[in-house]
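Sequences are here, hints too, so could you generate the full structure?
Protein chains: 2
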Amino acid sequence: MVQLRRQILLCGSILNQFQINIKRNSSSLQIRDRKAVQSERSFKYADLTVRLAGPDQLQPKPDVSALTFGKYFTDHMLKIFYYEALGGWQIPEITPFENLVLHPASKVLHYAIELFEGLKAYRGIDGKIRIFRPELNMERMNNSAMRTGLPTFIGEELIKCCCRLISIDQEWVPHSTASSLYVRPTFIGIDPALGVASSKSALLYVIASPVGSYFKKTNENVGISLLADPRYTRAWPGGCGNYKMGSNYGPTIYVQKEATEKGLQQVLWLYGEDNEVTEVGTMNIFMFFINDDGEKELITPPLTSGLILPGVTRNSILALATEWNEFKVSERKFCMDEVCRLLSENRLLEMFGAGTACTVNPISYIEYAGRPLHIPTMKHSNPIYKILLKHLSDIQYGVISDHPWAIPIE
Amino acid sequence: MVQLRRQILLCGSILNQFQINIKRNSSSLQIRDRKAVQSERSFKYADLTVRLAGPDQLQPKPDVSALTFGKYFTDHMLKIFYYEALGGWQIPEITPFENLVLHPASKVLHYAIELFEGLKAYRGIDGKIRIFRPELNMERMNNSAMRTGLPTFIGEELIKCCCRLISIDQEWVPHSTASSLYVRPTFIGIDPALGVASSKSALLYVIASPVGSYFKKTNENVGISLLADPRYTRAWPGGCGNYKMGSNYGPTIYVQKEATEKGLQQVLWLYGEDNEVTEVGTMNIFMFFINDDGEKELITPPLTSGLILPGVTRNSILALATEWNEFKVSERKFCMDEVCRLLSENRLLEMFGAGTACTVNPISYIEYAGRPLHIPTMKHSNPIYKILLKHLSDIQYGVISDHPWAIPIE
Numbered sequence: 001m002v003q004l005r006r007q008i009l010l011c012g013s014i015l016n017q018f019q020i021n022i023k024r025n026s027s028s029l030q031i032r033d034r035k036a037v038q039s040e041r042s043f044k045y046a047d048l049t050v051r052l053a054g055p056d057q058l059q060p061k062p063d064v065s066a067l068t069f070g071k072y073f074t075d076h077m078l079k080i081f082y083y084e085a086l087g088g089w090q091i092p093e094i095t096p097f098e099n100l101v102l103h104p105a106s107k108v109l110h111y112a113i114e115l116f117e118g119l120k121a122y123r124g125i126d127g128k129i130r131i132f133r134p135e136l137n138m139e140r141m142n143n144s145a146m147r148t149g150l151p152t153f154i155g156e157e158l159i160k161c162c163c164r165l166i167s168i169d170q171e172w173v174p175h176s177t178a179s180s181l182y183v184r185p186t187f188i189g190i191d192p193a194l195g196v197a198s199s200k201s202a203l204l205y206v207i208a209s210p211v212g213s214y215f216k217k218t219n220e221n222v223g224i225s226l227l228a229d230p231r232y233t234r235a236w237p238g239g240c241g242n243y244k245m246g247s248n249y250g251p252t253i254y255v256q257k258e259a260t261e262k263g264l265q266q267v268l269w270l271y272g273e274d275n276e277v278t279e280v281g282t283m284n285i286f287m288f289f290i291n292d293d294g295e296k297e298l299i300t301p302p303l304t305s306g307l308i309l310p311g312v313t314r315n316s317i318l319a320l321a322t323e324w325n326e327f328k329v330s331e332r333k334f335c336m337d338e339v340c341r342l343l344s345e346n347r348l349l350e351m352f353g354a355g356t357a358c359t360v361n362p363i364s365y366i367e368y369a370g371r372p373l374h375i376p377t378m379k380h381s382n383p384i385y386k387i388l389l390k391h392l393s394d395i396q397y398g399v400i401s402d403h404p405w406a407i408p409i410e
Numbered sequence: 411m412v413q414l415r416r417q418i419l420l421c422g423s424i425l426n427q428f429q430i431n432i433k434r435n436s437s438s439l440q441i442r443d444r445k446a447v448q449s450e451r452s453f454k455y456a457d458l459t460v461r462l463a464g465p466d467q468l469q470p471k472p473d474v475s476a477l478t479f480g481k482y483f484t485d486h487m488l489k490i491f492y493y494e495a496l497g498g499w500q501i502p503e504i505t506p507f508e509n510l511v512l513h514p515a516s517k518v519l520h521y522a523i524e525l526f527e528g529l530k531a532y533r534g535i536d537g538k539i540r541i542f543r544p545e546l547n548m549e550r551m552n553n554s555a556m557r558t559g560l561p562t563f564i565g566e567e568l569i570k571c572c573c574r575l576i577s578i579d580q581e582w583v584p585h586s587t588a589s590s591l592y593v594r595p596t597f598i599g600i601d602p603a604l605g606v607a608s609s610k611s612a613l614l615y616v617i618a619s620p621v622g623s624y625f626k627k628t629n630e631n632v633g634i635s636l637l638a639d640p641r642y643t644r645a646w647p648g649g650c651g652n653y654k655m656g657s658n659y660g661p662t663i664y665v666q667k668e669a670t671e672k673g674l675q676q677v678l679w680l681y682g683e684d685n686e687v688t689e690v691g692t693m694n695i696f697m698f699f700i701n702d703d704g705e706k707e708l709i710t711p712p713l714t715s716g717l718i719l720p721g722v723t724r725n726s727i728l729a730l731a732t733e734w735n736e737f738k739v740s741e742r743k744f745c746m747d748e749v750c751r752l753l754s755e756n757r758l759l760e761m762f763g764a765g766t767a768c769t770v771n772p773i774s775y776i777e778y779a780g781r782p783l784h785i786p787t788m789k790h791s792n793p794i795y796k797i798l799l800k801h802l803s804d805i806q807y808g809v810i811s812d813h814p815w816a817i818p819i820e
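Residue numbers (my numbering), protein chains in the order written: chain A, 1 to 410; chain B, 411 to 820.
Incorrect hints may have been included.
Sample of chain B residues at the chain A side, in silico, Cβ under 8 Å [said to hold, decoys possible]:
| # | residue |
| --- | --- |
| 1 | Tyr455 |
| 2 | Phe483 |
| 3 | Val511 |
| 4 | Pro514 |
| 5 | Ala515 |
| 6 | Arg557 |
| 7 | Ala603 |
| 8 | Arg641 |
| 9 | Cys650 |
| 10 | Met655 |
| 11 | Tyr659 |
| 12 | Ile663 |
| 13 | Lys667 |
| 14 | Gly691 |
| 15 | Leu783 |
| 16 | Pro786 |
Derived DSS-like pairs: lysine-lysine, alpha-carbon spacing no greater than 25 Å straight-line [to be verified]:
| # | chain 1 | residue 1 | chain 2 | residue 2 |
| --- | --- | --- | --- | --- |
| 17 | A | Lys333 | A | Lys296 |
| 18 | B | Lys454 | A | Lys200 |
| 19 | B | Lys610 | A | Lys262 |
| 20 | B | Lys667 | B | Lys454 |
| 21 | B | Lys454 | B | Lys471 |
| 22 | B | Lys706 | B | Lys610 |
| 23 | A | Lys71 | B | Lys610 |
| 24 | B | Lys743 | B | Lys706 |
| 25 | B | Lys610 | A | Lys257 |
| 26 | A | Lys44 | A | Lys71 |
| 27 | A | Lys200 | B | Lys672 |
| 28 | B | Lys481 | A | Lys200 |
To be clear, the hints were calculated from the coordinates, so they are not data collected in a lab. Beta carbons are placed, not taken as given, at the ideal position from N, Cα and C, and that holds for glycine.
Following this line, the structure appears as structure tokens:
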């Protein structure tokens, strides 16, 4: 307890540097409407109150080597209520990790008035804890809030609150460069009334979970396997595929089950009559291949269609690969026909998924409309996906020091 | 309390008649897979336990004339937990109405693992309480459960449990033929772990709310107004538009807000490049018009596309109109072009919405891509929608006695 309290006092001054860091990181996902962030209506980090868990409420930390995804949670959480009738955003509070008490008519439970984010805190090789480009998560979260009819806020204020939470629970950030602390901001509509309508009461809360690999794998030289079934569609123009709303996930479970029953790990979502490749639901997708001009090219589907989640890892990979300038980098539509053709002509080099939860994951197999496609991602001596994964990891774990994308907490 | 306990004892024997009634009502919505209902794995009404609210827990009943939709709740609720690790379905229990205690990582709060149903209990002119075709809600609920990766159950067992709940809270069924008790079965995934996956823990619960009209109206001679904006899509082939899942509703709030800002009440959802008319989100849609052969015809979009919720009121209107055989009745696709053309040729007679929550609601105005369409539904002396509404209402409130669709509770 004494140690915890000391940490809290310590982290206050460190947080002051965020404003500067965030301004430096001005790259942007998709901002539909800058009006979304109504500064005068946000909660403020300065108002944060902290109620620490008592010694008997502290949980044992799991063995880092046995970590999977999202099973264990830290000792504290952040809560920020919004009540229109009380003037809007309330004071942010960090409390012991505890169950939520919700009215059975809460809109989140009936109409999926819910959205979330995912970012990670990494314990670097220098012992410092860093978070990765959190301002992109905040932009996306505000965009999702607007689309869900929930109130917006100043992203920087939530980043500071999250950092305080991470700082308090810092011993939960694994001492390992194969693991991290996954931070999950969640935002739900809690009006206790039936009827499809905007939320006048809402709860933004943040929980954190020490995590290992998202996928169960036998070893790191095995890629993941995907089911591409044209009968199912994840997102469509005029819908919400480009927002991180709960409603994008519920409908995927059934198809995911179908994949699992076939011994495959994830679903590759296609769209339209030409079976356009969109994303993996938990990851964006990339393809590395030799194009018609004989050049090496890295492509990923564009955000313009509204079908694709604007991933932070996706954005970072595009930025890194463009900066390296060693091969062509494109955001453009591609279809399963092209994948099959490149594969048959031995021009498909790699496919991989990218996301915060899943990091960079090589794809080795796709079952496409009953047809087995063996993707040769793992067969290269120095694959691009590994170089990208290592570079991102080096930024996140402080091997590359002082990178503007990695913001140290303390 | 004594009175309540007596009612509970009374209703047990009455419930035995359900099995017979339900078998008589064999009409069906869309059953994709009969295997869904795995009888050996369902909870059983016979196991139901009841814990009544104490006198100090009983809430005052609202004034029936001031009722809107979904704001007040009765004194009790039904809960049935499912835990795979404990063998599946647990014992159903009726308890005092109370808040739910949920782990912050519960899948319902992140991935919209949730679905619901809506049915109503009516206090008839003979004092008897009736529910309307509940077996159709149960079929749809099991279909939704399957699509959401949640366990199925025997619908009849849930109907019996719901009837017991209604019986216990029977004084909450309004003494008015303009009001009813809306019963809301809800089913959520509650696994306390992050990661998009099937639910191994779930909660099926039922709450009930005395309700008046869904829409605020100045008087009964005013129809509702709709926004038809082709930029937004509710559902699409390969998606979940034909299931009553929470994920169909979250994405509609933003568009609903746009409608409200224009002074319109609901959204008319279109699909595809030809602006196919689908549904209103809280209602199915019907159009009554003079067809190319000069006949009167009632149409509604077909269920085959997977874009339309198979409504109980929709099903009942089709059945009644077909039985009456006074005009042609069709389930077929129609587009906004046809609506505009019929309107300009004075052949569009009526449009109306139909749903359990909203009953039968005349449509008087549609703003379609910025163009005002004045629908003449309210201008006829004896409109079809009114005849249908009255007939359904007469069945529900026991004016037409012993109709097989209306199942008396006691």
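> Does B/Tyr455 meet its interface restraint, that is, does its C-beta lie within less than 8 Å of any C-beta in chain A?
Replying inline: 21 Å, violated
> Under the criterion that the straight-line Cα-Cα distance not exceed 25 Å, is the pair B/Lys610, A/Lys262 satisfied?
Replying inline: With Cα atoms ~20 Å apart, B/Lys610 and A/Lys262 stay inside 25 Å; holds.
> Straight-line Cα separation of B/Lys454 and A/Lys200 no greater than 25 Å?
Replying inline: 38 Å, violated
> Minimum Cβ distance from B/Val511 to chain A below 8 Å?
Replying inline: Holds - the Cβ of B/Val511 comes within 8 Å of chain A, reaching about 5 Å at its closest.
> Are the Cα atoms of B/Lys706 and B/Lys610 separated by 25 Å or less?
Replying inline: 52 Å, violated
> Hint check: is the beta carbon of B/Pro514 less than 8 Å from a beta carbon of chain A?
Replying inline: Given a least distance of 5 Å, the restraint on B/Pro514 holds.
> Straight-line Cα separation of B/Lys481 and A/Lys200 no greater than 25 Å?
Replying inline: Since the Cα atoms of B/Lys481 and A/Lys200 sit roughly 14 Å apart, the hinted pair holds (cutoff 25 Å).
> Are the Cα atoms of B/Lys743 and B/Lys706 separated by 25 Å or less?
Replying inline: 17 Å, holds
> With a cut-off of 8 Å, does the beta carbon of B/Ile663 approach a beta carbon of chain A closely enough for the hint to hold?
Replying inline: 4 Å, holds
>> Min Cβ distance, B/Tyr659 to chain A: is it shorter than 8 Å?
In response: 4 Å, holds
>> Hinted pair, alpha-carbon criterion (25 Å max): A/Lys333, A/Lys296. Please report holds or violated.
In response: Holds: A/Lys333 and A/Lys296 sit about 17 Å apart, inside 25 Å.
> Should the hint that B/Leu783 touches chain A count as held when the rule is a Cβ pair under 8 Å?
Replying inline: Check failed: Cβ of B/Leu783 comes no nearer than 20 Å to chain A, outside 8 Å.
When held up to the earlier numbered hints, the structure conflicts with 1, 15, 16, 18, 20, 21, 22 and 26 and fits the remainder.
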